[in-house]
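Turn these sequences into a full structure, and let the hints steer you where they fit.
So the sequence lines, in the order shown, correspond to chains A and B. One point on numbering: in my numbering, the residue at position 55 of the first sequence is 55, and numbering is uninterrupted. One point on numbering: in my numbering, the residue at position 130 of the second sequence is 130, and numbering is uninterrupted.
Simulated from the structure, these hints should not be mistaken for lab results. There may be inaccurate statements among the hints.
Result set (SDA-like, lysine to any residue): computed pairs, CA atoms no more than 25 Å apart in a straight line [said to hold, decoys possible]:
{"id": "1", "chain 1": "B", "residue 1": "K102", "chain 2": "A", "residue 2": "I162"}
{"id": "2", "chain 1": "B", "residue 1": "K96", "chain 2": "A", "residue 2": "R154"}
{"id": "3", "chain 1": "B", "residue 1": "K103", "chain 2": "A", "residue 2": "P164"}
{"id": "4", "chain 1": "B", "residue 1": "K96", "chain 2": "A", "residue 2": "D138"}
{"id": "5", "chain 1": "B", "residue 1": "K103", "chain 2": "A", "residue 2": "F148"}
{"id": "6", "chain 1": "B", "residue 1": "K165", "chain 2": "B", "residue 2": "E110"}
{"id": "7", "chain 1": "B", "residue 1": "K96", "chain 2": "A", "residue 2": "Y126"}
{"id": "8", "chain 1": "A", "residue 1": "K132", "chain 2": "A", "residue 2": "G161"}
Being a predicted model, the structure only gives us computed values, none of them experimental.
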Amino acid sequence: MIDRARQAAKRLSAALADGLLEVFEDGRGVVARIEATALHKALDVLRDDRKTPFEMLAHETAIDWSAWPADAGSQRPAERFSLIYNLYSVSTRTRIFLEIALAEGQAAPSATGHYASANWAEREIYDMFGIKFTRHPDLRRILMWEGFEGHPLRKDFPRHGINPQDFPQE
Amino acid sequence: MKDTLIDTSSQVVAGSLEEAAALVRDMKKPGALEKFVDWARMHSLWPIPFGTACCAIEFMGMVSSQTDISRFGAEFVRFSPRQCDLMIVAGTVVNKMAPVLKKIYDQMAEPKWVISMGSCANCGGMFNTYSVLQGIDRIIPVDYYVPGCPPRPEAVVYAMLELQKQIGRESGVLSSQERQREFWVRGIDGHGQTPKSRILHGERK
Numbered sequence: 001m002i003d004r005a006r007q008a009a010k011r012l013s014a015a016l017a018d019g020l021l022e023v024f025e026d027g028r029g030v031v032a033r034i035e036a037t038a039l040h041k042a043l044d045v046l047r048d049d050r051k052t053p054f055e056m057l058a059h060e061t062a063i064d065w066s067a068w069p070a071d072a073g074s075q076r077p078a079e080r081f082s083l084i085y086n087l088y089s090v091s092t093r094t095r096i097f098l099e100i101a102l103a104e105g106q107a108a109p110s111a112t113g114h115y116a117s118a119n120w121a122e123r124e125i126y127d128m129f130g131i132k133f134t135r136h137p138d139l140r141r142i143l144m145w146e147g148f149e150g151h152p153l154r155k156d157f158p159r160h161g162i163n164p165q166d167f168p169q170e
Numbered sequence: 001m002k003d004t005l006i007d008t009s010s011q012v013v014a015g016s017l018e019e020a021a022a023l024v025r026d027m028k029k030p031g032a033l034e035k036f037v038d039w040a041r042m043h044s045l046w047p048i049p050f051g052t053a054c055c056a057i058e059f060m061g062m063v064s065s066q067t068d069i070s071r072f073g074a075e076f077v078r079f080s081p082r083q084c085d086l087m088i089v090a091g092t093v094v095n096k097m098a099p100v101l102k103k104i105y106d107q108m109a110e111p112k113w114v115i116s117m118g119s120c121a122n123c124g125g126m127f128n129t130y131s132v133l134q135g136i137d138r139i140i141p142v143d144y145y146v147p148g149c150p151p152r153p154e155a156v157v158y159a160m161l162e163l164q165k166q167i168g169r170e171s172g173v174l175s176s177q178e179r180q181r182e183f184w185v186r187g188i189d190g191h192g193q194t195p196k197s198r199i200l201h202g203e204r205k
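Spelled out as structure tokens, the structure:
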């Protein structure tokens, strides 16, 4: 399975050229770090790949690196956020990961055109991290209610919310 | 059942016909009607479960055969609030769920009582965060708090027995609005503070 992922990454590398920054392997498997502008092309290539078609976007999530300690082992990325795409090929049982680095306030390209499952995942990322997606059909909060202030999974979010007095008090 | 915290296995306290007959015989005495109403209410509690988390699993244990609450006249667990008078809030209530809890409580007919089951419903439990309601008594009045994470079914049965005793003392006159006022303004025990608030914030001067 991981050989298939490696080969798919090679084909991806050939198709993207400069858009692909690096391919590496860690505990997750094969990870391809790409430019945000190359996302749609990368999804095109991987989804419509002949040998290993990644039909499913199993998961899409984000990481806020702002509280990452300097001595934590791996190096902290230059940009604040990472977007992670977990693609799965159901027919060949192969998994591959895509990573995009995003600066604070930078909008990400939406994957909803390629995968319907990106819709709610991106709403959750918008809700929890405040990352906006361009051309998302329905970018609203999904877990917290309308009017909730702040984005809870950002590391600088206070544990009891920005306005705890807005919640029911004793 | 010897290893349980509170041995409720041998207690059967659903009202007997003899009790009813005695109450009816004394009906001409002053206050007898209220006593009769109390007796009827305490032995025919209709619980509605508000199960949102793992406490609801213990609640299922409570209504099923081992610790069977039908022994206390409360076997009809109904899922319509309009048919119930005892709400058992079992589980974590998040802030987004809070309006739903309030609405269901408001839909229940008078008179009505609430048992808060487990740490989450009591005070938010271990979820001391932006998303979780820090105790359901912030939005609805609570009659009995059952500690535990989750509490054993016997503990909730004990709370129900205590609640039945309280209903037996209410003399039929207090509507839940009156009890609510008592809860918010005077405190359950008449000292101006709810027991929980005294534990959390100390004695108010």
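How the hints compare with the structure:
{"no.": "1", "hint": "B:K102 with A:I162", "in the structure": "24 Å, holds"}
{"no.": "2", "hint": "B:K96 with A:R154", "in the structure": "20 Å, holds"}
{"no.": "3", "hint": "B:K103 with A:P164", "in the structure": "22 Å, holds"}
{"no.": "4", "hint": "B:K96 with A:D138", "in the structure": "20 Å, holds"}
{"no.": "5", "hint": "B:K103 with A:F148", "in the structure": "21 Å, holds"}
{"no.": "6", "hint": "B:K165 with B:E110", "in the structure": "18 Å, holds"}
{"no.": "7", "hint": "B:K96 with A:Y126", "in the structure": "18 Å, holds"}
{"no.": "8", "hint": "A:K132 with A:G161", "in the structure": "21 Å, holds"}
Violated hints: none; the structure is consistent with every hint.
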